[in-house]
Amino acid sequence: MAKLRVVHYINQFFAQIGGEEKADYPAELRVGEVVGPGMALMQKFGDEAEIVATVVCGDSYFNENLDKATADILEMVKSQKPDVFVAGPAFNAGRYGVACGTIAAAVQEQLGIPSVTGMYVENPGADMFKTKVYIVSTRNSAAGMRDAVAKLAPLALKLGKGEPIGASVEEGYIPNGVRVNFFEKERGSARAVKMLIKKLAGKPFETEFPMPVFDRVAPNPAVKDMAHAKIALVTSGGIVPKGNPDHIESSSASHYGEYDIAGVMDLTAETYETAHGGYDPVYANADADRVLPVDVLRDMEKEGKIGELHHLYYATVGNGTAVASAKKFAAEFAQKLKADGVDAVILTST
Amino acid sequence: MKLEIGNIFIKDIQFAAEAKLADGVLYVDKAALEKIVLEDETIKSVTFDIAKPGESVRITPVKDVIEPRVKVEGPGGIFPGIIAKVDTVGSGKTHVLKGMAVVTAGKIVGFQEGVIDMSGPGAKYTPFSETLNLVMVCEPVEGLKQHDYEKAVRLAGFRVAVALGELGRNVAPDETKVYETCGIKEGIEKYPDLPRVAYVQMLQSQGLLHDTYVYGVDAKKTLSTILWPTETMDGAIVSGNCVSACDKNPTYVHENNPVVEDLFAQHGKTLNFVCQIITNENVYLADKQRSSDWTAKMCRLLDLDGVIVSQEGFGNPDTDLIMNCKKIEAQGVKTVIITDEYAGRDGKSQSLADADAAADAVVTGGNANEVIVLPKMDKVIGTLDYVNKIAGASEETLQPDGSLVVELQVITGATNETGFIKLSAR
Amino acid sequence: MLRGTILTNNPLVVEKLGPDAPVVYLQCSYQALLEAARDRIHQGARLLTHPLSGSVKPGETPYKSIILTNGKGDVDRQSLQLIENAIQACAKFQQRCDRYRPAVDLDCRLIDWTLLEGALASANQ
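Protein chains in written order, with our numbering: chain A, 1 to 350; chain B, 1001 to 1426; chain C, 2001 to 2125.
Chain A on its own, in the form it takes in the complex (with noise of 0.2 Å):
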């Protein structure tokens, strides 16, 4: 049988060019080259694979050309007709993680080739990809680069021949979401015993499914004088100015916007719109009050039921975005929130 036709994807600096200096390094293909962490996989592919050829892409060039440069490097990939995609293992660099999932998942959904990377389980990229691409877990440092390999490379051989994947636990990919049967050596009643005992010595122990994730927050108490407070507007349902200035993302944010209203009464057609591509705009963009009430707020400042509205709200687009995204967002603004001395926020979604 022919040997399957890998390519591979690394940032500059394990394409040793260079670190942060270089990392508005453009996009290359380099066709028939092994660079850097290619050799360790070429060795672990044995006579089964081999990486036909190698992208190397600067990581701030990436993230900042998002578009420009994953349409590039699809071409690239696309003309080494590869039966399979790696990239990375990116390990706990960020913008490398997130271009590493962003380029294996369009590889994967645009062009139909079984994709894999790998990363460090906190590296932002593997919240944002791990339910679209096989991310092997690695450790936080290049240091576990054998480790890294060891899973990566037969992860990527079972992909390339189509054959069906395992458990994560089996195959040492971050858990995606899919549960997939497998038999333990051990059985059920045993492995309880054993999970009871650790539990009791306060040692550390391994759920085998854990709970979906609760995120509950304890409301905070009353505000005692509304007459008096200074209220914000926060929102998930993507409103901004029109033409949208900061470019938030219509899915899968990956910033928010601050924006001032100081004097706004009223938002109008021609003034807002939404970002969000999660539902139909059509009547926020008709009238953005819908989703941010600043008309209703504005009525209650002259009312005097609230004491004022905050010349500044925020904005993101809830749609698809990662809850460890949402979280980054909310503590940089509620610091700046605090800071402006806002009483309380009318947080708003769609």
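Treat the hints with caution; some may be incorrect.
Chain C stretches covered by chain B per the calculated footprint, using a threshold of three residues with CB under 8 Å from any CB of chain B [claimed, not checked]:
#	stretch
1	2035-2049
2	2084-2095
30 Å max Cα-Cα, derived DSS-like pairs, lysine-lysine [stated by the list, open to error]:
#	chain 1	residue 1	chain 2	residue 2
3	B	LYS1020	B	LYS1052
4	B	LYS1326	A	LYS199
5	A	LYS194	B	LYS1422
6	A	LYS151	A	LYS194
7	A	LYS185	B	LYS1422
8	A	LYS194	B	LYS1177
9	A	LYS158	A	LYS78
10	A	LYS328	A	LYS302
11	A	LYS194	B	LYS1185
12	A	LYS203	B	LYS1151
13	A	LYS199	B	LYS1348
14	A	LYS151	B	LYS1124
15	B	LYS1269	A	LYS198
16	A	LYS198	B	LYS1297
17	A	LYS185	B	LYS1269
18	B	LYS1052	B	LYS1107
19	A	LYS242	A	LYS302
20	A	LYS203	B	LYS1221
21	B	LYS1376	A	LYS161
22	B	LYS1124	A	LYS161
23	A	LYS151	A	LYS203
24	B	LYS1044	B	LYS1093
25	A	LYS185	B	LYS1124
26	A	LYS161	B	LYS1348
27	B	LYS1376	A	LYS185
28	A	LYS198	B	LYS1177
29	A	LYS203	A	LYS44
30	A	LYS199	B	LYS1190
31	A	LYS194	B	LYS1052
32	A	LYS199	B	LYS1297
33	A	LYS198	B	LYS1190
Hint data in this document are derived by calculation from the structure and do not stem from the laboratory. Glycine residues also receive a C-beta, built at the ideal position from the N, C-alpha and C atoms.
Got chain A; can you put chains B and C on it based on the hints?
Frame of chain A; chains B and C shown alone:
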């Protein structure tokens, strides 16, 4: 309370003119057993068959699986309150016909399920592909109601198992195991430094074909209560449950409860196995609240440090499981729960119908919706007439080549929630 | 006597309990019955029985009977959570009870009735 279990290893089962157990071979007198079954006039006829590991045989629809045992010393008899008198069991000496099982099969309701394949890919999903099975298929008299038929088959299975067990009464066991737990005070004195652990077993108790009996009492009419863990080894708990083949507990599983066994293995070493607590899974929500309140109360009253909670069934019992877990944890008693999953055929759906952050230590028996192809077998014991109708099957189930495309749900014991099997999921 | 309402799509329940019982019979699917129960919960009724009673899964039986209180007022969070989870669970199972033979259909009615019967025994204590 101390019970000695003497295992007699059964190497073969044969039909013969005279019933006996010699040199590990069980000779079965069909005519004598038939008489025992037909004592119940609601049963019109019975056929017996033998299925051995590795054979190209499929048994379906399976109702119950029972291990023959006999009480050699000590009070009471096997299946107290049902076959034997209601005396408390769990002490003395019991002989077990190890390596075999009585399997009752036959259609009770149209959508009933339960497949045991003795070879092929399905065999590794059922623990009963590894036992020598004496299969009995009972036909009811005309017009018999489902309730009465279920009961007749259930009891006939126990009578046959007891009759076979009796053949082991005077046979020297190949292996002897001793199981002993002590009273509260004695346990604290004996194992002052070991964590106090109990087993909370949830019993299926929703109604017809969903029932479990404890000393003959329908579990849905019981309050949560305490057993010596050895009581179940003498058949104190039996199955009247024929639905949800993959995660119901056949009587065999009660007799050989793996949590009881594995807690005994650590008893006196890493933990002090205090007792077994049984609780039910009723349909009425106030019953659930009462039962789980009582379970948690007992855990506290017994000064437990930890418990293992096992579930039986799908959906409704998820709520009991989470209630038990939450309330027991709230008493400061640590829990590990055993369940199985219904994550859809693609594995992407929410596995349980209830959830809580307190359930941070879960053992799973796997996704019951996962699809498997069971190739055609040379012989079918029972009938394939209903195989399109069993849970986890569909119109496409029976393929032209005779193979079955089914979910693991249909296989007896596939995702057992007492941890009887090695299947799991991530 | 039961203080509450039995919501059912099972003709056998109507037949067994007679015309005077507090039964609301709906000719609808299993899932639609759960949704009808959800409507009542939003209006303040509380669940008295578990909506996923029985090991016969959604899609494997067309019948469902649920007992609810007649309460009006605040929404009971636990009831709402149970019914939402139950509705969500419907999607996990293959729909195939529409292909049953008539005899099997009668078995499904009987099982649903016996599950309800057990609950009524508890409710009427």
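Hint check:
1. 2035-2049: holds (count 3)
2. 2084-2095: Holds, because 8 residues of the stretch 2084-2095 of chain C bring their Cβ atoms closer than 8 Å to Cβ atoms of chain B.
3. LYS1020(B) <-> LYS1052(B): 19 Å, holds
4. LYS1326(B) <-> LYS199(A): This hinted pair holds, its Cα atoms lying about 16 Å apart.
5. LYS194(A) <-> LYS1422(B): 14 Å, holds
6. LYS151(A) <-> LYS194(A): 27 Å, holds
7. LYS185(A) <-> LYS1422(B): 7 Å, holds
8. LYS194(A) <-> LYS1177(B): 22 Å, holds
9. LYS158(A) <-> LYS78(A): 20 Å, holds
10. LYS328(A) <-> LYS302(A): Cα-Cα ~34 Å, so violated.
11. LYS194(A) <-> LYS1185(B): Measuring from Cα to Cα gives roughly 26 Å; hence the hint holds.
12. LYS203(A) <-> LYS1151(B): The given pair, whose Cα atoms are some 47 Å apart, is violated under the 30 Å limit.
13. LYS199(A) <-> LYS1348(B): 29 Å, holds
14. LYS151(A) <-> LYS1124(B): 27 Å, holds
15. LYS1269(B) <-> LYS198(A): Between LYS1269(B) and LYS198(A) the Cα gap is close to 14 Å, so the pair holds against 30 Å.
16. LYS198(A) <-> LYS1297(B): Holds, at roughly 24 Å.
17. LYS185(A) <-> LYS1269(B): 22 Å, holds
18. LYS1052(B) <-> LYS1107(B): 22 Å, holds
19. LYS242(A) <-> LYS302(A): OK: LYS242(A) and LYS302(A) at ~26 Å, within 30 Å.
20. LYS203(A) <-> LYS1221(B): Given that 30 Å is the threshold and the Cα spacing comes to 40 Å, the pair is violated.
21. LYS1376(B) <-> LYS161(A): Answer holds: LYS1376(B) to LYS161(A) is near 29 Å, not above 30 Å.
22. LYS1124(B) <-> LYS161(A): 26 Å, holds
23. LYS151(A) <-> LYS203(A): Holds, because 27 Å separates the two Cα atoms, which is no more than 30 Å.
24. LYS1044(B) <-> LYS1093(B): 36 Å, violated
25. LYS185(A) <-> LYS1124(B): 13 Å, holds
26. LYS161(A) <-> LYS1348(B): 24 Å, holds
27. LYS1376(B) <-> LYS185(A): Between LYS1376(B) and LYS185(A) the Cα gap is close to 29 Å, so the pair holds against 30 Å.
28. LYS198(A) <-> LYS1177(B): Satisfied, since the Cα-Cα distance of roughly 27 Å is no more than 30 Å.
29. LYS203(A) <-> LYS44(A): 35 Å, violated
30. LYS199(A) <-> LYS1190(B): 23 Å, holds
31. LYS194(A) <-> LYS1052(B): 33 Å, violated
32. LYS199(A) <-> LYS1297(B): Holds: LYS199(A) and LYS1297(B) sit about 21 Å apart, inside 30 Å.
33. LYS198(A) <-> LYS1190(B): Within the cut-off at roughly 22 Å; holds.
Hint check: violations occur at hints 10, 12, 20, 24, 29 and 31; the rest are consistent with the structure.
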